[in-house]
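Residue numbers (the numbering used here), protein chains in the order written: chain A, 1 to 262; chain B, 263 to 524.
Heads up, some of the hints might be wrong.
[As the list claims (entries may be wrong)] In silico DSS-like links for lysine-lysine, alpha-carbon gap of 30 angstroms or less:
#1 K460(B) to K432(B)
#2 K460(B) to K373(B)
#3 K114(A) to K460(B)
#4 K111(A) to K460(B)
#5 K111(A) to K485(B)
[Stated by the list, open to error] Going by beta-carbon spacing under 8 angstroms, a handful of chain B positions derived as facing chain A:
#6 S343
#7 L368
#8 K376
#9 P379
#10 G384
#11 V389
#12 M393
#13 A394
#14 L427
#15 S428
#16 D498
No wet-lab data here; the hints were simulated from the structure. This structure is a prediction, so every number in the text was calculated from the model and none was measured. Virtual Cβ for every residue (Gly too), placed ideally from N, Cα, C.
Protein chains: 2
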Amino acid sequence: MSPSRKIDIAARLSRQWLASWSVGVENGEMSELTIWTYDWVPQGPRGFVRDLRLRWACEEAGLAYSVRTVPFEGRETNHLSRQPFGQLPFLDDGALHIFESGAGLLHLARKDEKLMPRDPEGEAETVQWMMAALNSIEMVTVPWWFLEISGAADNGLAGWVGNRLSQLEKVLAEREWLAADRFTAADLLMADVLRVSKLRSFGNRPATDHYVARVTGRPAFQKAHADQLAHFAAGDESRRAAGQSSVREAGDLTRRQSDVRP
Amino acid sequence: MSPSRKIDIAARLSRQWLASWSVGVENGEMSELTIWTYDWVPQGPRGFVRDLRLRWACEEAGLAYSVRTVPFEGRETNHLSRQPFGQLPFLDDGALHIFESGAGLLHLARKDEKLMPRDPEGEAETVQWMMAALNSIEMVTVPWWFLEISGAADNGLAGWVGNRLSQLEKVLAEREWLAADRFTAADLLMADVLRVSKLRSFGNRPATDHYVARVTGRPAFQKAHADQLAHFAAGDESRRAAGQSSVREAGDLTRRQSDVRP
């Protein structure tokens, strides 16, 4: 048996184990699409946990999905067999099991043309701008944000972030959507990257402000966002019932941000 | 005419303009695939400019391609109409024009199953690990590297980088390839992210060392790497002939790393 075959079997057993933790299916009937997130997080990251990207995409496309959970307690190691960096979300689509929110989003985008045009030009443009959000913008903004919340006196990434945001401001001053003259998964991802409040207050960039307001004003975002808040509020109730503090780990979370990025 | 239509036309005109700069087609006959890179860079980034990712993918898949260039001088603004962040490479495939090396690589991977399996599981695993390379590993390693070369006394990203590399070490200790039990574009991308010398000397991670050696030992990498070095050496010759210094801008490049990341 090859090592990765062994890992596959371990992953399958682990999925059964994770399933036993589930707080239940939130959206009615079982569906082929399952979005995995935490059972609870502190107040800080609520509304920003990345399961929102997948919820939002499903809402835009009208795809049925369920939400299941991994315990927040022990998150560093309790789902490494499903996500080797201990992060959330991951996505199941029937027999497919996908981690990385960017990969899950690309998978959903291929399922429905509301998220990505089907013509080669439109598809290439959408994928290109999704990659730009992940590897040209977020690659700078998330580490910058991390240094900010770590209380670094002199944030060595500030110049680079300012440069990237200004380059993007020029693009957004000249177009309503990033790709194909219409809303796509690239806008969903870029707006989710840009809506972080520390970024919104970093310099005056009106075109970017309008873009973020326009994209996050969509009903599908509003629904996904409200659903995430309600999900974690339900987690508060469960913790209260179980006698667990709902604030105890907030400090710890700020130090270990890598699993619940902004 | 919509704003983005105007940008398209500007981009088309700009492409004609860029084409007039080309140092010529390096790989014989014209092909549909054109990889755009700089005409010259200083010694430091040679062998690491990201056109290598696209060259390497084409070599693995046996896809014919041409290499064309944008002048290094004036790079901050001379190709913004093709790449809004002033970065290289970008890829042309006939009428398709794609920036972001990750997007170009995904496009090439879809063209040939040597780079990505055609079955849904193999494809999903490959895309997932490509996204992990771009958004879980490189999102930490590139800003960390930038702070290192900027001479920051205390690199606030060191702990996060160490954590990510250790998580990846555990994965690589148990498998030869990241996805689908075979070489894929995910290995190409992850090995390219990991082969940066500062990362290789950051802690003792033998499985990762073996992985990087194994993947970069492939003939297609060796060919792409040698071709990039020869390309910039030819740039030295052109600059000498034109009376330009080949080292003058090296200091400037170190400060402005974002266009020639490691």
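Hints versus structure:
no.: 1; hint: K460(B) to K432(B); in the structure: 20 angstroms, holds
no.: 2; hint: K460(B) to K373(B); in the structure: 33 angstroms, violated
no.: 3; hint: K114(A) to K460(B); in the structure: 43 angstroms, violated
no.: 4; hint: K111(A) to K460(B); in the structure: 40 angstroms, violated
no.: 5; hint: K111(A) to K485(B); in the structure: 37 angstroms, violated
no.: 6; hint: S343; in the structure: 11 angstroms, violated
no.: 7; hint: L368; in the structure: 6 angstroms, holds
no.: 8; hint: K376; in the structure: 19 angstroms, violated
no.: 9; hint: P379; in the structure: 13 angstroms, violated
no.: 10; hint: G384; in the structure: 10 angstroms, violated
no.: 11; hint: V389; in the structure: 5 angstroms, holds
no.: 12; hint: M393; in the structure: 4 angstroms, holds
no.: 13; hint: A394; in the structure: 5 angstroms, holds
no.: 14; hint: L427; in the structure: 11 angstroms, violated
no.: 15; hint: S428; in the structure: 10 angstroms, violated
no.: 16; hint: D498; in the structure: 29 angstroms, violated
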